[in-house]
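So the sequences go chain by chain: A and B. Going by my numbering, the first sequence opens with residue 935, and the numbers climb by one from there. Going by my numbering, the second sequence opens with residue 312, and the numbers climb by one from there.
If you are wondering where the hints come from, they were derived from the structure by calculation, not from laboratory data. A portion of the hints provided could be inaccurate.
[What the hints assert, rightly or not] SDA-like, lysine to any residue: derived pairs with alpha carbons at most 20 Å apart:
1. B/K573 - A/I989
2. A/K1417 - A/C1553
3. A/K943 - B/K573
4. B/K573 - A/V1179
5. B/K488 - A/P949
6. A/K943 - B/W481
7. A/K943 - B/G484
8. A/K1102 - A/G1086
9. A/K1595 - A/A1557
10. A/K943 - B/F477
11. A/K1146 - B/F477
12. A/K1146 - A/G1133
13. A/K1508 - A/D1384
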Amino acid sequence: MNSGQNENKLAGRSPRLIGFLIVFFSVMLFYVYRLFTIQIIDGDYYLDLADENRISIVQEQTKRGIIYDRNGIVLARNTATYDITITPADLPEDDGDTQEVYRKLSELIDIPVNNGEINDETVRMYSECNTDFGISQVVYIASSLSPYNATGIRCDVSKELAMIVQEKAAEMPGVGVRMNSIREYPTGYSTAEIIGFLGPIPEMMQDEMREKGFLLESDQYGYAGVESSLQDILSGKNSRRVVEVDVGGLQTRDLEPPREAVPGYNIMLTIDVRLQNVMRAAMIDTMDFYNRVSVTGIITEDAAGIAMNPKTGEVLAMVSEPSYENNRMTRYIPAYYYQQLSVDQSRPLMNHATQVAQPPGSVFKIVTGIGAMNERVVAPDQYVFDPGSIYMEQRYSPNDPGSVQEYVCHLRTGHGNVDYQHALAWSCNIYFNKVGGGYGTEVPEGLGIDRLGQYARALGYDQYSGIELDGEEDGLIPTTTWKRVNQGEAWATGDTYLASMGQGYVTATPIQVLGSFATVAAGGVHVKPTLIREILDERGNTILPFTPQMHWDITKDPKIMIYDENGRETDEYKTVEPWVIEETRKGLRRVPQPGGTAEEAFAGDTHESSAKTGTAEYCDDIANAKGLCQFGSWPAHAWTAGYAPYNDPEIVVVVFVYNGKEGAYLAAYPVRRVIDNYFLLKEYDAERAGTD
Amino acid sequence: MRQERWRNFDFWLFGVVIILCFFGIVMIQSALAGNLEVSINSQILYVSIGLVFILACAFFDYHYLDSLANIMYVGIILLLIALRLFGTAAFGSARWFRIGPISLQPSEFAKLILIVRLAKYFADHDNDKHDLMWIIKSFALDFGIVVFILLQPNMSTSIVMVVLWFSMIWASGIPIKSLVLLGIVGIFVVIGLLVWIFVSPETVPFVQEYQLNRVRTFIAPDPDARYGDSYNIDQAVISLGSGKLFGQGYGNGTQVQLRFLKVRHTDFIFSALGQEFGFIGAMLVIIVLSFMVLRIIHIARNAPDFFGALICYGIATLFFFQMVVNMGVNLQVLPVTGLTLPFISYGGSSTMALAMGIGLVECVAVSSEKKNEIT
Chain A
935 MNSGQNENKL
945 AGRSPRLIGF
955 LIVFFSVMLF
965 YVYRLFTIQI
975 IDGDYYLDLA
985 DENRISIVQE
995 QTKRGIIYDR
1005 NGIVLARNTA
1015 TYDITITPAD
1025 LPEDDGDTQE
1035 VYRKLSELID
1045 IPVNNGEIND
1055 ETVRMYSECN
1065 TDFGISQVVY
1075 IASSLSPYNA
1085 TGIRCDVSKE
1095 LAMIVQEKAA
1105 EMPGVGVRMN
1115 SIREYPTGYS
1125 TAEIIGFLGP
1135 IPEMMQDEMR
1145 EKGFLLESDQ
1155 YGYAGVESSL
1165 QDILSGKNSR
1175 RVVEVDVGGL
1185 QTRDLEPPRE
1195 AVPGYNIMLT
1205 IDVRLQNVMR
1215 AAMIDTMDFY
1225 NRVSVTGIIT
1235 EDAAGIAMNP
1245 KTGEVLAMVS
1255 EPSYENNRMT
1265 RYIPAYYYQQ
1275 LSVDQSRPLM
1285 NHATQVAQPP
1295 GSVFKIVTGI
1305 GAMNERVVAP
1315 DQYVFDPGSI
1325 YMEQRYSPND
1335 PGSVQEYVCH
1345 LRTGHGNVDY
1355 QHALAWSCNI
1365 YFNKVGGGYG
1375 TEVPEGLGID
1385 RLGQYARALG
1395 YDQYSGIELD
1405 GEEDGLIPTT
1415 TWKRVNQGEA
1425 WATGDTYLAS
1435 MGQGYVTATP
1445 IQVLGSFATV
1455 AAGGVHVKPT
1465 LIREILDERG
1475 NTILPFTPQM
1485 HWDITKDPKI
1495 MIYDENGRET
1505 DEYKTVEPWV
1515 IEETRKGLRR
1525 VPQPGGTAEE
1535 AFAGDTHESS
1545 AKTGTAEYCD
1555 DIANAKGLCQ
1565 FGSWPAHAWT
1575 AGYAPYNDPE
1585 IVVVVFVYNG
1595 KEGAYLAAYP
1605 VRRVIDNYFL
1615 LKEYDAERAG
1625 TD
Chain B
312 MRQERWRNFD
322 FWLFGVVIIL
332 CFFGIVMIQS
342 ALAGNLEVSI
352 NSQILYVSIG
362 LVFILACAFF
372 DYHYLDSLAN
382 IMYVGIILLL
392 IALRLFGTAA
402 FGSARWFRIG
412 PISLQPSEFA
422 KLILIVRLAK
432 YFADHDNDKH
442 DLMWIIKSFA
452 LDFGIVVFIL
462 LQPNMSTSIV
472 MVVLWFSMIW
482 ASGIPIKSLV
492 LLGIVGIFVV
502 IGLLVWIFVS
512 PETVPFVQEY
522 QLNRVRTFIA
532 PDPDARYGDS
542 YNIDQAVISL
552 GSGKLFGQGY
562 GNGTQVQLRF
572 LKVRHTDFIF
582 SALGQEFGFI
592 GAMLVIIVLS
602 FMVLRIIHIA
612 RNAPDFFGAL
622 ICYGIATLFF
632 FQMVVNMGVN
642 LQVLPVTGLT
652 LPFISYGGSS
662 TMALAMGIGL
672 VECVAVSSEK
682 KNEIT
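Input sequences plus hints: build the corresponding full structure.
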């Protein structure tokens, strides 16, 4: 007890005690400083991290709209793929029971219970649905990441297996089947140029799409066809919930009012898939025939065609051959296939009906004809003499000494005296050269390129048709200014000669050519071509019924600018007189009849068809590379446009065959077949409607 | 006599302990957040036992400890040996001693016994020459317990015990020359250990892999870790920071209630209260804890003899060190350890042992009547 009486060395101001207190206060001051830094200075930063922990945005994919043809045939729909999943949090609590679940599941889906070693490296490499790990390993990783979410154990299994697992899921707590939606195109290749395909959301669009609530990893985006152009209508809206989650991923409450998923609209197209198939078959058959009989090897495999109702603008068929198999792009876009399509000279990913402009050739003569009639360059019954070839002096500048060019008719002996209707029927080049560019005293003043352009634009050339497909080409109707700027040369009469028959600088897409013939067929009404018949909601109610849209009526709406006597613009406009259209219609009616250029293709026609053939000389990179561009014998594209019946046309068809040589054959035969089959189908539908 | 004793009973200290315990229970209640393994009622029980013990100490003369010190010292060593031989292995270390429904950690009580034993040694040898033998003998006394704690293994308690020894040898007047020598030896030992841990962790004795990982995580954190220690300390500092000035409110701390913060009722309770009560709340806790330590130092100053003063001083060191280490982990300035925040963290042995410590301080306080009368 003696020690207890020791002097207290720590009493009062003991230096050792003060040493302790210095340490104490230093540490406490440092801690207060740390606390202040963390809570006050960096507080907002840590609050963001805390919110990142707890706030989770849950989005569920909505259903993309289904695409039908005009008769309700499904052209694009959603189909399911199945994944077998485990939700770690739902597994039995007892380890033995969990192992039992693994064993049962392992037997069913053929994935080992244990496989692979868990370590930093392998865990980092792990990705769902793409791993060699056994079930336990996958669950181990999943339960440390998000135990309340289903994790794929085996993905993309057959529906049968999915059903079996689903049935037995009751005795395997935690096991489930997850359904994913992918696109399927029942008509595949037949309608690929119209429907298009889907792919991952492109990088350029990602910010915008994320803002709209799309899931960058799982949502798809239209890459071509109506899948692309009608993306916004088809896609709908994903559901979006901002929820608070706990550390296990369990949702505790909504932080914002939840937004329900809005399914995409279903779309009924104007396409008749039967006519679509007919058109493709007709084009392929015809090309095959000429390829086989050709002595110089394959002539062509590339073609485009469109069939439309000229009064309503409903596109019944649209073929761009060769096309592609869009069903191969549904799960992902296979690189080798895409590569193959991209380098193909025929450019199968392009829709040749709307995205490629070519010289229209003689089908363009209706523009020159209507212009010449309406401007009274010649009277419809006035004869213009066709000797077979004419000579024209070309001057490209005032000081140009000029050179003499020969312009020939396809009939070298000449058509003799030709009036307007027969000029169309025979496709007389010299007639259109002369009325287009003028010829001495016989046609003192031709239509001229500027006025020709007015009529071309009134008939839909040099502008977008407005069809619901992306990337439309607008072609070219040259003007004097255009040539000066782009070619550095003055406009010459010879240029007008070429333009008058759709050659030279003139280019047009098949849909533009179709539009001009539809306008003539419909007596001057220029409709907007459309692919959309109806927009339906998910229950099949019509949201937007079909209403034809007219661009204008050239006989009523003044679309033609008047030029004064010096050829200057006046900013005054006039219409096309109805008799001009009527004369043109009469001329076109003669084309398929004996003596006309489409006589053979339309032999025995019973639908009062009208038509116009065209053979457009061209020289592009491909032809040039093959050494085909020899002066005087250039290769040629084949065109034919036609409509029927004469009195009240209900179908207008255009077919373009790349390098198809004679329009009267390679293009005219398919047009004939489409028109015939259109009426056959009409009859068949009427019969069926009658018996039902 | 009894009335006089009560007059010297330090109500300030007792009051502060009650406030801390009450706040601890309130905070644990919030921090449980669905954790069913821990019951708030047991903490209330531990606190009650602890408070009763503090009051009971008022009737106890701490000088009895002088004669009891050796018995307690040997007793705790025997208990630790028994625990080593027959103890239940829980949480990967044989630390628990079960009496009926209550599991006790003898190591918590060993800290107190060590303080008493060292206080006796330094008081007894106060008049001896403070030479190397004096240092080595005291360290041997310390190491007699530490070796069994290390074997458990329990790194943090071992460190606490070495710190207690160092603090008490400092207070007992270790010559500065020896201190410098000790400092150099200490630095070499620490550096040597760190090199050992990083170069060849599997050969380090007495420590578990998880402990080494904690040290490694602290010095070189893995930025990709999604679980484990580095995740836990990240979540702790997020919790603390997101409380900002006023906190998110009691029972509303998102990190706490949604359980992103782990071991939030013990190791990380400071972060939990920091999120719910903000900078103001955390500061109040620091101030109250500091007041408690300073109050114990105040009692040490007024102790009637060196033995009593050293007991108080040792216990002040214990509280100071525990709060510094616990808060340091939460403030991301120290690696993760299992030390509790005195009276606030959940834990039976810790709460009761620390209450006993306060009880010993009160013992000293009530004995200091004479001095108080004079001043």
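Verification of the supplied hints:
no. : hint              : result
1   : B/K573 - A/I989   : holds, 18 Å
2   : A/K1417 - A/C1553 : holds, 19 Å
3   : A/K943 - B/K573   : violated, 44 Å
4   : B/K573 - A/V1179  : holds, 16 Å
5   : B/K488 - A/P949   : holds, 16 Å
6   : A/K943 - B/W481   : holds, 12 Å
7   : A/K943 - B/G484   : holds, 9 Å
8   : A/K1102 - A/G1086 : holds, 17 Å
9   : A/K1595 - A/A1557 : holds, 13 Å
10  : A/K943 - B/F477   : holds, 17 Å
11  : A/K1146 - B/F477  : violated, 65 Å
12  : A/K1146 - A/G1133 : holds, 17 Å
13  : A/K1508 - A/D1384 : holds, 15 Å
In summary, the structure is inconsistent with hints 3 and 11 from the numbered list given earlier, while agreeing with the others.
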